[in-house]
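Engineer: In short: position in the sequence shown from 1, add 223, done, that's the numbering used here.
In case anyone wonders, no lab produced these hints; they're calculated from the structure.
It should be emphasised that the depicted structure is a prediction, and the values quoted were computed from it without experimental measurement.
Don't be surprised by glycine CBs; every beta carbon is placed ideally from N, CA and C.
Among the hints, erroneous ones may be present.
[Claimed, not checked] Below are the EDC-like pairs computed for lysine to aspartate or glutamate, each with C-alpha atoms no more than 16 Å apart in a straight line: (1) K437 x D492; (2) K439 x E454; (3) K410 x D339; (4) K410 x E454; (5) K401 x E329; (6) K410 x E508; (7) K509 x E454; (8) K437 x D425; (9) K401 x D339; (10) K323 x E392; (11) K509 x D339; (12) K337 x E400; (13) K337 x E294.
[To be verified] Pair by pair, the computed Cβ-Cβ distance ranges are: (14) R325 x K437: 35 to 41 Å; (15) E475 x S260: 25 to 31 Å; (16) K472 x T449: 42 to 48 Å; (17) T264 x E475: 29 to 35 Å.
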Amino acid sequence: MSNHASVLVIGEHNVGKTNYGVQLLGRLRANAHDSLSLDGTPDTIAPFDAGLTALNQGLTPAHTPSTSHLELVLPVRLNEQHISLTWPDYGGEQVSEILKSRSFSEAWQDRIAKADAWMLFLRLSTIDDSPDAIAHPAPKGKLATPKKSIKSDATETVKPWNSNARMIELVQMLLYEKRISIHGRVKLPALVVALSCWDEIDTQKQDKPSVVLKNKLPLLYEFLTTIWDAEYFSIFGVSSLGMVIESNKVNEAFRDEGPEQHGFVINPDGSRTTDLSEPLRWLMEKVS
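Put together the whole structure using the sequences plus the hints.
Structural biologist: Below you can see the structure in the form of structure tokens.
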């Protein structure tokens, strides 16, 4: 059993990584009856200091600069066990650049090597993939006929990858860099998929996060559930703020009630809790 755990937070720009990290730190400092609790004072809270100030003012935290490589080390207690938790903060553009360049910087190589657990943030409300041949095949016996001829035009913009393919490629790259084989079921690093900004998703009451992910990104869902050991893989819904907070307009109710009174998590079984640390607690129990 380890007394140190490092979480690799994975997510592109504007998927809610910073909001979750800032709210988590705020909850821990407020001793908001979460599964995890602070076990001392962090050496520094610089990565999230400005974000905490913004939330206390009823504003959303600013976007993390694209070149940022910061880490927050939190002394926490979980089930009477003392753990030093390393939580990174970086600009999500770095993940987009990884997919574009097919390579990792030295900072990312070090981050991947040290990580015991992965937390993949997906904001499904911003994904608007076009139908593809796999999701919507042509009727049997018929060929799809283009409405217009295909022209070779070097200036034509290349269509972005389908989000299923992007995320599968990213996970495969991370596993390769970690030297993890997918010929057997993956146990470590343990993986949580966090479906962020859950309050923006059009779901039915008691919908399980796994069902929501399977409906929105079926290929990614099948890939992850096929290669990961079920005991070391889980899907949570996360709404760090519980509502939309703007960066230039004060939300007075959010400010007056306090950030620690807002936000919720949808557990894998579909139940709802105000304990934002649930996904992280689940991970820590697998690796510590």
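Engineer: Please name the hints from earlier in the document that this structure breaks, with their numbers sorted from lowest to highest.
Structural biologist: Hints 2 and 14 are the ones this structure does not satisfy, whereas the remaining hints hold.
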